[in-house]
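Here the protein sequences come in this chain order: F and B. Here the first sequence is numbered in this note's numbering, starting from 5 and rising by one per residue. Here the second sequence is numbered in this note's numbering, starting from -11 and rising by one per residue.
Among the hints, a few may not be true.
[Claimed, not checked] Simulated pairs of lysine-lysine, DSS-like, Cα-Cα distance not exceeding 27 angstroms:
hint	chain 1	residue 1	chain 2	residue 2
1	F	Lys36	B	Lys44
2	F	Lys109	F	Lys138
3	B	Lys47	B	Lys37
4	B	Lys47	F	Lys36
5	B	Lys96	B	Lys144
6	B	Lys37	F	Lys36
7	B	Lys37	F	Lys41
8	B	Lys96	F	Lys41
9	F	Lys10	B	Lys97
10	B	Lys144	F	Lys9
11	B	Lys47	F	Lys41
12	B	Lys97	B	Lys37
13	F	Lys10	B	Lys96
14	B	Lys96	F	Lys9
15	F	Lys9	B	Lys97
16	B	Lys144	F	Lys10
Keep in mind that the hints were calculated from the coordinates and are not lab data.
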Amino acid sequence: MSEQKKDEQWLDAELRQVINTTQPEFDAEAWKRRYAKEYEALEARGRSAVRVGIGAGRRVRLMGGGLAVAATILIAVAILFTQRPPRDGQEPGVGASASPSSPAKMVSMMSLARAYRQGGEDALNQQLDAALSKLGPRPDGISAVQVLSELEG
Amino acid sequence: MLVEQAVGGDGDGFTELCRRYYGALVAIGHSILGDRHLAEDAAQQAFAKAAVNLPKLRKADQFGRWVAAICRNEARDLARARPVVRMDGEMPAAEPESDRLAVAEVVKKALGRLSSEAREVVFLRFYDGLSYDQISGVLGISEQAINGRLRRAKRKLAEHLRRDGFGEVNL
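I would like the entire structure built from these sequences, with the hints used as guidance.
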């Protein structure tokens, strides 16, 4: 064995003697008692995390439920508006309501919606036809500006 | 996994971590304080601080290094607060009862003259039962690097022993 190896072994043995310590055992219960405040802080973090988790879950579920209710209401309103049948005792058609006087008013969204609600698609078509027939073919002598100014009232 | 559990407030997960790192932390504390019981105090105090500050730990795999750094600070604070036999200071000269004890005193003295980093790796390596994995966990370096650091520390020790008139120690 080389001199260097012998010296190293000697030093290792001396260091073991000098340090001479067995690995200590950690006593968890004694530590928890000694540092009760710190341990409590650690565990409280766990409890609050669980609470936040439950709260968030509940909020998500509630939000989901709310969205479902809102969506149902919106769909119901949309169906009501689009599928509403003509009122009883009213003849479908333009004549059933106060007829718009000018073609511009005839093709306005409100007027078309009213015609649709009162008479369905037939009434809507009738109103659009009436508007077109009132406008008629544009004579060469009338400029586009004049037609547009009449449309816009 | 255990670290994540502990960060989430799992007390059992945290105490299991303490069990795993306790030996290494006591060795680190011992290398600074030169007293086993005070070293245990420093390690336990380090765990208490870690329990409170765990959410500040950015990387779970750095837990060992992080808690070891806390332990070093605790040990230094304890060393400042109590004038005890410190490994990083001059060791008190004791009357040797026999030749073997005299040798031990000289080696102790030489240990006390090492840099804190060198002394720490010697303590970690010669603390009974500490594996390379445990040492690596607290130092954050590979087994090869641990061996390199240890070799340099022993060479320094041999230098100190020669200077103390111990004779020729070739390392």
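Outcome of the hint check:
With a C-alpha separation of about 21 angstroms, the suggested pair lysine 36/F and lysine 44/B falls inside the 27 angstroms cut-off, and the hint holds. Taking the CA atoms of lysine 109/F and lysine 138/F, the gap is about 12 angstroms. The hint holds against a cut of 27 angstroms. A hinted pair counts as satisfied when its Cα atoms are at most 27 angstroms apart, and lysine 47/B with lysine 37/B qualifies at roughly 17 angstroms. A distance of roughly 25 angstroms separates the Cα atoms of lysine 47/B and lysine 36/F; the hinted pair therefore holds under the 27 angstroms criterion.
Pair hint lysine 96/B plus lysine 144/B holds up; C-alpha atoms about 13 angstroms apart against a cutoff of 27 angstroms. A distance of roughly 13 angstroms separates the Cα atoms of lysine 37/B and lysine 36/F; the hinted pair therefore holds under the 27 angstroms criterion. Simply put, lysine 37/B and lysine 41/F have alpha-carbon atoms about 11 angstroms apart, close enough for the 27 angstroms limit, and the pair holds. Under the criterion of a C-alpha separation no larger than 27 angstroms, the hint pairing lysine 96/B with lysine 41/F is inconsistent with the structure, at around 38 angstroms.
Proposed proximity of lysine 10/F and lysine 97/B is supported: the alpha carbons are some 21 angstroms apart, at most 27 angstroms. Only pairs whose Cα atoms come within 27 angstroms are accepted, and lysine 144/B paired with lysine 9/F is accepted, the gap being roughly 16 angstroms. Among the hinted pairs, lysine 47/B with lysine 41/F is consistent with the structure: their alpha-carbon atoms are about 25 angstroms apart, no more than 27 angstroms. About 32 angstroms separates the Cα atoms of lysine 97/B and lysine 37/B, which puts this hinted pair outside 27 angstroms; it is violated.
Straight-line distance between C-alpha atoms of lysine 10/F and lysine 96/B comes to about 20 angstroms, which keeps the hinted pair within the 27 angstroms bound. This hinted pair checks out: lysine 96/B and lysine 9/F have alpha carbons roughly 21 angstroms apart, not beyond 27 angstroms. For a cut-off of 27 angstroms, the pair hint linking lysine 9/F to lysine 97/B stands: about 23 angstroms separates their Cα positions. Between lysine 144/B and lysine 10/F the alpha-carbon distance is near 17 angstroms, which keeps this suggested pair within the 27 angstroms criterion.
Comparing the model with each numbered hint stated earlier shows that hints 8 and 12 do not hold.
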